[in-house]
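*Asks:* So the chains spell out like this:
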Amino acid sequence: MQSVTPASLVITQQDVHTYIVCSGSWTIEHLSDAARNLETLLPLSNITWDMRGITDIDSSGIALWQLTNRTFEEHGHRCETIAEGEDHSHLFRLLYSKPLPDTPMPPVPSWLYRLGKESYETFLGVGTFLAYLGEAFVLLFYTLRHPHLIRYRSIGAHIIECGAKALPIIAISAFLIGVVVAYQSVVQLQKFGADIFIVDMIGISLTRELAPLITAIVVAGRSGSAFTAQIGTMKMTQEIDAMKTMGFDPFTFLVWPRVIALMIVMPLLIFFADMVGIFGGMVIAQIHSHLSFSEFIHRLQGALALKHYIIGLVKGPFFAFLIAFVSTYRGFQVSMNTESIGQYTTKSVVNAIFLVIACDAIFSVLLTELKL
Amino acid sequence: MSLPIIEVRDVVTSFGENLVHDHVNCTVHHNEIYALLGGSGSGKSTLMREMILLERPQSGSIRVLGHELSTLTPLEAMQLRRSWGVLFQSGALYSSLTVGENIALLYNEYTDLNPKLIEELIKLKINLVGLPPHAKHLYPSQLSGGMVKRAALARALALDPKLLFLDEPTSGLDPLSSRQFDALILQLRDLLGLTIVMVTHDLDTIHHIVDRFTLLGDKKAITEGSLQEVLAVNHPIVDYFFQKGQHGIAR
Chain A
1 MQSVTPASLV ITQQDVHTYI VCSGSWTIEH LSDAARNLET LLPLSNITWD
51 MRGITDIDSS GIALWQLTNR TFEEHGHRCE TIAEGEDHSH LFRLLYSKPL
101 PDTPMPPVPS WLYRLGKESY ETFLGVGTFL AYLGEAFVLL FYTLRHPHLI
151 RYRSIGAHII ECGAKALPII AISAFLIGVV VAYQSVVQLQ KFGADIFIVD
201 MIGISLTREL APLITAIVVA GRSGSAFTAQ IGTMKMTQEI DAMKTMGFDP
251 FTFLVWPRVI ALMIVMPLLI FFADMVGIFG GMVIAQIHSH LSFSEFIHRL
301 QGALALKHYI IGLVKGPFFA FLIAFVSTYR GFQVSMNTES IGQYTTKSVV
351 NAIFLVIACD AIFSVLLTEL KL
Chain B
1 MSLPIIEVRD VVTSFGENLV HDHVNCTVHH NEIYALLGGS GSGKSTLMRE
51 MILLERPQSG SIRVLGHELS TLTPLEAMQL RRSWGVLFQS GALYSSLTVG
101 ENIALLYNEY TDLNPKLIEE LIKLKINLVG LPPHAKHLYP SQLSGGMVKR
151 AALARALALD PKLLFLDEPT SGLDPLSSRQ FDALILQLRD LLGLTIVMVT
201 HDLDTIHHIV DRFTLLGDKK AITEGSLQEV LAVNHPIVDY FFQKGQHGIA
251 R
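Taken in sequence, the protein lines are chains A and B. Numbering follows this note's numbering, in which position 160 of the first sequence is assigned residue number 160; successive positions increment by one, without gaps. Numbering follows this note's numbering, in which position 239 of the second sequence is assigned residue number 239; successive positions increment by one, without gaps.
Next up, chain A with everything else stripped away, as it sits in the complex (with noise of 0.2 Å):
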C-alpha cells in the first residue's frame, strides 16, 4: 500500500479563541493520535478548524470532527470551520442527514423480576413436559391398536446406534470403574486381613448400583446428546413441520422408536457393564491380594445374591425411559436460531443425568423400606 500520512493537528490558542489546523488522511486506520490529542484538549474557548491540510477523509473522521465540536458546544462555545473540502462537506450531509438521538439501553429489570419470571417458567417448562408426556402415551396407545403403525425399522436401527455402537465406551468405563472400586476397597480390607471381602464389595456395589448409573451416564452423553440434536436439527430445517403435513406424526416416527429402542438396550448395555466392571476388579484383586479369578468367581457365587442383579437390571428401562423423553422433548424446544440448539443439547444432558440420579434415590430408598 502506498504510504500515507497519518492525521496530525496544530493546536493554537489565542486569546479566548483556538485555533486547530489539521493536515494528512483522516481515514480510520491513520486516525488514532489525532483522536488522542483532541480527547486532551479542554473545552474552553470557542475554535476554528483549519480543514485546508486534510488529504483524505472517511466517517470516523467526520464523527471525530463532530463529536468534538458537540463537546464544546455543550460547553456554551462556538465552534466553525474553514476550506473543509468537497468530499468532506459531501459526507457530513449523508452522515448527519438525520438526527442521532441517544438510545439509553433497555432497562435490566430487576433481581426480583428475574426470579419471579424463572420460577414461573420452569413450572411452565414442567406442565409442557406433562403435557408432551401426556400426547405421547395417546399417541403410543393408539400405535398398540394399528400395530402396523409401528416403526421396527426404525427401533432397529436406533438399537444398532444406541446399543451396538456405545459398547467399547461402555466397556471402557465400566472396566475403570471396577479398577477404582477394586483399589479404594482392597486397601482399606487388607488392614485387617479380610481380602476376601473385596469379591463382596465389587459384586454388590457393580451390579446394584454404579453399572446401571454409569451406563446411564454415558448414554445420556452419547445417545440423549444426539437425540436433541438430531430433532432439533430437523426442527429447524423445517422437516418436522413437513412430516406434520403429510400426516406423519412426529412421535410414532421420531419420539417412540427412540424410546423403546433405548428401554430395550439398556437392560443389556447394563448386563454387559456388569461383566466388564467385575472383570475390571478381579483383575486388581488378583494383582494386590493374589486371589486367583476362579477363587473369585468360587466366591462371588456365594456373595453375589440374584437380587443385587436383578435390582440393577430392572432401573435400565426406567432410566431409559427419562433420558429418552428428556432429550427429545428438549430437541422439539429448539427454536429458529443456531444458537438455540447447542442450548438445548446441554440442557438435555443435564436434565438427563439429574432426572437418572433422581430416580436412582428413589429406587434405594423404596428398595431399603421394601427389605430388598
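To be clear, the hints were calculated from the coordinates, so they are not data collected in a lab. Among these hints, one or two may not hold up.
[Said to hold, decoys possible] With a Cα cut of at most 27 Å, we get these calculated DSS-like pairs of lysine-lysine:
no., chain 1, residue 1, chain 2, residue 2
1, B, K123, A, K98
2, B, K123, B, K162
3, A, K98, B, K116
[Stated by the list, open to error] So the derived label-pair ranges between C-beta atoms look like this:
no., chain 1, residue 1, chain 2, residue 2, range
4, A, I160, B, L65, 53 to 61 Å
5, B, N18, A, D360, 18 to 26 Å
6, A, S110, B, N18, 54 to 62 Å
Even for Gly, the Cβ is constructed at its ideal location relative to N, Cα and C.
Using the hints provided, position chain B relative to the given structure of chain A.
*Replies:* Structure of chain B alone, referenced to chain A:
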C-alpha cells in the same frame, strides 16, 4: 482510467470431478456496480468467494486492488481483508451479539479509538443504512429479514471500505424492500465512492442499479458489459435469462 479494481484472468475451478469455471475472465472498474449473474450452480457465488479469499481457484489469476491473490503473504491477506466489506446472503450477523456489538467488534479489534468515538460511529452507520436508532440494542433474532440485511450492510461498512461485496443482497426481501435496498446501495456508491460487486439474479436490480455485469453459464463467462451490450449478444443462455421476446425487460 486507473487500474481495474478486480481483474479475473483464466480462472479454473473444480470441485472433485465437477468443473465449475473453465477459464473465466472479468474486470471490475473503479466506482461501478458490477454484478455476477447466472443460473443456479453456474459458479457465480464461487467466483465471489474466490475474490474474497474464501476459496482458491485451481489455476488462473485474480487481482484485487492491485494484489495478486495467489501470492499473498498471510500479513498482506490480513490487510487486504480489511479493505473490503462483505455482506453475506443470510446476513451472517453474530447471533450472540447485538447489532451495535456486531459493528463495534471491528472497531475494537482493529482500531484504538476511544469508546465515545466508537459509539458515535456505530450510531452513524446504523443511521446510514436506514435502521431505526433503537436497532442498536436488538439481537439478530429480533430483526426482520430486511433489517438483518441492513444491519449486515452497516457492519460491512464499519471500516469504511472502498470495495463492497454483496451476495444476493435482495434475496428473501419483498419487492418493495428490494427496491429500497437497491436505492440504498446506489446512494452509498455515489456518496461514498464505493466499488460494488454483487451476486444476484434479481433482474430488477440489474435493470435499475447495475452498471456492468458478467453472465456466467455453461462453466464460462458468456458475456460481459452493460445491459444493452449483453442484450445485443446472440446466445441461448442470454435469451433464456432475459426471456427475450417474452415479457422480459428487453422491451
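*Asks:* Taking the Cβ atom of S110(A) and the Cβ atom of N18(B), is their distance within the range 54 to 62 Å?
*Replies:* Hint holds: Cβ distance 59 Å, inside 54 to 62 Å.
*Asks:* Given a hinted range of 53 to 61 Å, is it respected by the beta-carbon distance of I160(A) and L65(B)?
*Replies:* holds (55 Å)
*Asks:* Take the C-beta atom of N18(B) and the C-beta atom of D360(A), compute their distance, and say whether it sits inside 18 to 26 Å.
*Replies:* violated (54 Å)
*Asks:* Assess, step by step, whether the Cα of K123(B) is no farther than 27 Å from the Cα of K98(A), and give holds or violated.
*Replies:* holds (11 Å)
*Asks:* Does K116(B) lie within 27 Å of K98(A) when you go C-alpha to C-alpha?
*Replies:* holds (19 Å)
*Asks:* Next pair to validate is K123(B) with K162(B); report whether the Cα-Cα distance is within 27 Å.
*Replies:* Holds, because 20 Å separates the two Cα atoms, which is no more than 27 Å.
Checked against the numbered hints above, the structure breaks only hint 5 and satisfies the rest.
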